[in-house]
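Q: Sequence:
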Amino acid sequence: MGRSILILIFSMMLICVGCQSKQQINNDKLVVLKRSGTENKHEKHKEVTDKNTVLAIKSVLKKGDWKKSKISMTIPPDYKIYFEPTDGSEALSVWYDVWFTNEFAEVYIEAQNLYIKLSVEDSFALRDVIQ
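The numbering of the sequence shown is this note's numbering, which starts it at 1 and goes up by one.
Treat each hint with caution, since some may be false.
Pairs of lysine-lysine residues, derived as DSS-like cross-links and limited to a Cα-Cα distance of at most 30 Å, are as follows [stated by the list, open to error]:
| id | residue 1 | residue 2 |
| --- | --- | --- |
| 1 | 117 | 41 |
| 2 | 46 | 117 |
| 3 | 58 | 117 |
| 4 | 41 | 70 |
| 5 | 41 | 58 |
| 6 | 70 | 46 |
| 7 | 63 | 44 |
| 8 | 29 | 63 |
Simulated from the structure, these hints should not be mistaken for laboratory data.
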């Protein structure tokens with residue numbers, strides 16, 4: 001009897017955690033800042049609130065082979081993007097620096113020294129959303 005109750009409680013906890021995680025993901029918006037001029041100054045360019053679009057960009061950024069590397073580009077990023085919760089929570093945002101070179105998007109998370117060069121397909125998907 002006691003074991004059944006523990007299993008039931010554990011199952012309910014997993015369901016609650018899963019629902020909260022999904023809710024937080026679905027409530028995010030993508031904030032895009034665009035470089036103005038040639039200096040490292042970025043201005044708010046747009047906010048993307050469509051849930052499917054935000055999830056698609058999160059998916060693009062999560063997959064791939066992120067490399068631990070400190071990089072230094074010759075020009076400031078074309079864009080800076082981050083995901084902002086819309087549920088009133090104050091979660092820490094991860095800032096992504098984005099450069100478009102030829103057909104590829106290069107993305108860098110300075111705070112974690114993580115770098116990735118996206119595939120052509122993923123680069124176009126990201127470009128379509130943030131431009």
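Q: Could you tell me which of the numbered hints above are not met by this structure, giving the numbers in increasing order?
A: none
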